[in-house]
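Q: Starting from the given sequences, assemble the full structure and let the hints guide the process.
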Amino acid sequence: MSDIQASSSAEFQRDQELDRLESVVRDILGQARSKGCSDAEVTAHTSQGLSVTVRMGDVDVLEHTRDSGVDVTVYRGRNKGHANCADLSEKSIRECVDRAIDIARFTQEDPCNGLAARELMASDFPDLDLWHPVSLDAEAAIRRAKVIEAAGREDSGITNSEGASVSGGLGLAVYGNSHGFIGRSSGTRYSQNCVLIGGKGDAMQRDYSYDSRRSLDDLEAPEITGQEAAQRTLRRLNARKLGTAQMPVLFAPDVARSLVGHLVAAVSGSALYRNSSFLKGSAGTQLFPEWVNIMEKPRLPRGQGSGNFDADGVATRDRTLVEDGVLTGYVLGEYSARRLGLQTTANSGGVRNVFLSPGGDGFENPLAAVDRALLVTEVMGQGVKLVTGDYSRGAAGFIVENGELAYPVEEVTIAANLRDMFAGMQLAGADIDTRGNIQAGSILIERMMVAGQ
Amino acid sequence: MSQALERAEIELLAPGGLGHDDLHRVLNHLMGPAVDAGDLYFQTVQHESWVLEDGLVRTGTHSQEQGVGIRAISGDKTGLAYTDEIVLPSLLQASSAARAIASDGKQGKVQAWSRQEPKALYLPDDPMAVLGAADKVDLLRQIDTYARSLDPRVSEVVVSLAATHETILVAATDGTLAADVRPLVRLNVSVIAEHEGRREQGSDGCGGRFTYTELVQRETWQAVADDAVRQALTNLDADDAPAGTMTVVLGPGWPGVLLHEAVGHGLEGDFNRKGVSAYSGRIGEKVAADCVTVVDDGTIERRRGSLSVDDEGTPTSQTVLIENGILRGYMQDKLNASLMNTRATGNGRRESFAHLPMPRMTNTFMLPGSHDPQEIIGSVDKGLYAVNFAGGSVDITSGRFVFSASEAYLIENGKITRPVRGATLIGNGPDVMNRVTMVGNDLKLDAGMGVCGKEGQSVPVGVGQPTLKIEGLTVGGTRN
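Those protein sequence lines, which keep their order, are chains V and W. So for the first sequence, the numbering used here puts the first residue at 1; every next one is plus one. So for the second sequence, the numbering used here puts the first residue at 454; every next one is plus one.
What the hints contain is simulated information worked out from the structure, not anything from laboratory work. There may be inaccurate statements among the hints.
To be verified - Below, a list of computed lysine-lysine pairs in the BS3-like style, where the Cα atoms sit at most 25 angstroms apart:
1) W:Lys739 to V:Lys241
2) V:Lys200 to W:Lys739
3) W:Lys907 to V:Lys146
What the hints assert, rightly or not - Covered by chain W, according to a simulated footprint, are these stretches of chain V (three or more residues, beta-carbon under 8 angstroms):
4) 25-39
5) 54-67
6) 116-126
7) 199-211
8) 270-282
9) 313-324
10) 409-423
These figures come from a predicted structure and were not determined experimentally. Note that the Cβ used here is the ideal one computed from N, Cα and C, for glycine as well.
A: Written as structure tokens, this is what we have:
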């Protein structure tokens with residue numbers, strides 16, 4: 001029912017399916033106009049996929065997914081209403097439009113409401129190489145997941161498993177608005193992961209590994225995911241606790257990424273116009289050391305977050321968010337830009353492919369750059385307050401001495417203020433984790449409060 | 454026939470011309486060779502939200518979703534497929550996909566209906582229909598005006614009002630035929646207070662399985678706004694939290710999120726069936742101090758975490774998890790209960806028809822002890838008093854948990870002295886539960902705003918506890 005189709009037929013179906021979504025979008029825009037809306041914008045989307053989990057060598061779960069729906073925003077002058085529904089039937093869509101219009105009757109006039117200017121709409125649509133359908137049926141996915149888990153369980157130190165999963169799926173969407181703009185997007189995504197357990201009783205530890213790509217061919221070999229999960233799990237066994245002290249903290253690439261994520265969240269429009277960000281008014285100021293550069297490349301071929309236009313239909317383009325340590329601007333969609341009296345940065349719906357460039361002393365080999373530090377490989381909890389920049393989270397990882405992992409640690413918290421952490425960055429490693437929408441290598445922070453027993 | 458069942462059949466089955474015979478036909482189709490059991494989960498959900506920000510109700514949203522999730526179980530394997538078209542051909546097609554996992558089960562038989570008609574824990578009324586749109590907008594504006602009037606340092610106010618109305622029907626091969634009509638409302642107030650260049654946030658909320666009628670009561674929304682403003686103002690005066698190991702007193706109510714993290718998740722049946730929880734295989738063992746008794750109770754009327762029947766059609770119950778420090782039981786759904794040779798406890802929950810059910814908490818709380826809360830605080834020379842939390846998370850395998858205090862104070866010589874900010878509590882569930890030394894007589898459940906996430910699925914839950922004293926908990930802060 002929802003196997004990912006072989007490429008030739010999927011190609012044909014893709015265009016047909018996009019045509020269908022486009023006609024839904026045009027129909028809704030027409031309904032909105034005829035019902036007296038001054039403007040409207042609509043997204044119609046559909047996706048399907050397959051996910052399998054294998055545990056202890058046998059199939060655990062097989063899930064077929066198939067979703068579709070529309071998302072409608074209507075304007076009556078400066079009054080806005082929004083509704084969505086999770087199917088594409090005529091009746092549901094008609095009700096959805098009526099609901100949105102009903103809501104717009106009662107919301108208050110907001111001078112910032114409205115579509116982005118017509119001339120900002122995307123006008124070129126290069127192929128971003130996001131569409132790689134292959135025939136991944138349940139059998140093939142199960143075989144792959146079995147290989148992953150078996151590779152992970154090969155080591156006798158692995159005592160249990162939460163399983164290995166493989167999933168693949170495709171998604172299509174059409175966005176249109178009453179400027180007459182219509183934008184199509186489509187993409188495939190494949191991922192695999194493995195979660196393993198080492199040790200017994202009170203000494204149990206677990207860890208995982210995963211990969212996620214646009215093309216099945218780009219996924220790392222299944223054995224690697226399994227072996228990596230095993231290695232990550234085993235190295236955590238016999239973790240110690242630490243005393244309380246200030247020390248340098250090295251964030252491993254997959255965790256370092258979250259620090260860039262906090263920056264993005266703090267310079268995003270809604271946090272700024274709600275006065276809930278510690279970085280309000282920071283554009284043009286030096287937040288990082290001079291070697292720090294952060295770029296956004298929204299049209300990167302095969303990129304996890306790639307797209308030709310944002311959620312307002314505005315054309316995306318490359319930009320530098322942090323240049324030589326200076327925050328160059330904010331992350332804004334049309335609405336938040338108007339609230340702040342600024343121009344949109346084509347970020348309605350978020351950022352697309354953000355990169356922290358390697359730099360700082362010793363970036364080629366971050367581990368070797370520290371004498372003694374806490375290497376953080378996992379953070380837990382919600383202790384990030386963007387309104388003040390206070391950062392206080394649970395962490396697990398390793399003490400690094402003379403460039404080597406000395407011993408694992410757990411049950412510590414790490415705390416500082418994000419502003420000081422950004423200013424105190426010592427290096428951004430070349431060991432970039434390429435699996436996500438935000439990509440970074442290891443980040444070394446000069447000093448944080450590490451609290452333990 | 455129960456009112457819920459009758460209503461669910463009208464809403465979910467009748468539009469597609471489906472009757473009981475058709476449900477049997479689909480279940481029979483699902484029970485192919487080697488399929489042991491299966492179920493159909495019909496669901497329709499309406500959701501709305503209204504948000505006021507910077508003095509204006511700028512937008513509102515309405516969502517509508519419906520569909521059927523079809524699950525086949527073969528041994529310990531599970532297959533799921535779903536469709537948003539509630540008509541016979543789509544149901545048959547989805548059952549074929551769901552049963553494809555079957556290989557080594559025994560072919561089960563579809564049993565005759567045995568209707569579940571448990572006591573309804575809430576009224577089936579549409580929670581959003583009781584108030585006109587203009588009145589909703591007006592309510593938000595009143596709350597905004599009130600919150601701003603409380604203190605001149607209040608600079609931003611965000612108020613949101615949300616409601617969900619859900620009807621579900623479960624038909625299973627074991628004969629289960631059950632339905633539920635579930636209202637859920639929630640009000641949240643978040644404020645920012647500013648003073649001398651410093652900004653701090655405070656937020657509070659309330660809700661439950663009732664209608665907006667309850668939230669419109671002036672004393673209800675005023676209490677929420679009062680609390681949000683108080684928190685923000687308190688944090689304006691707060692010093693950085695100390696770091697290190699110390700005695701921690703947790704206030705009653707919402708701090709029960711500690712139990713949810715430190716105990717609750719580790720006692721969900723799936724983790725224990727797989728042997729991956731720090732509590733696996735420890736039934737009957739001492740896992741907490743003698744004064745600790747923890748239950749999960751889905752049967753409390755009108756609570757956010759309550760359900761008349763769970764998402765597998767099992768009536769909810771009160772499950773004793775830990776009794777006087779001894780581990781008594783796990784929370785179970787049908788699959789894990791059957792694989793562990795025990796009874797389903799009414800904890801089988803799913804986010805929607807497009808997700809698989811699994812063991813989840815309902816309302817999880819610690820029963821009261823004998824101490825007066827003032828006596829507990831008075832017994833601490835130097836420590837932390839934490840009364841509000843931004844939330845937490847847990848690694849159920851090692852038992853490690855973390856949670857972040859959004860409102861906390863220092864205790865010095867038996868008295869609450871100064872507010873502190875940025876305190877993060879970290880520990881190991883089984884270890885920390887053994888360090889509980891005093892339990893208050895002031896059990897309180899939270900105000901009805903908890904959301905629990907597990908394996909990508911979110912469900913509403915409740916937490917609660919009396920005032921608690923824990924010795925030697927690690928507090929992360931920035932000050933030595």
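Q: Against the structure shown, which of the earlier numbered hints fail to hold, in ascending order?
A: Structure breaks hints 4, 6 and 9.
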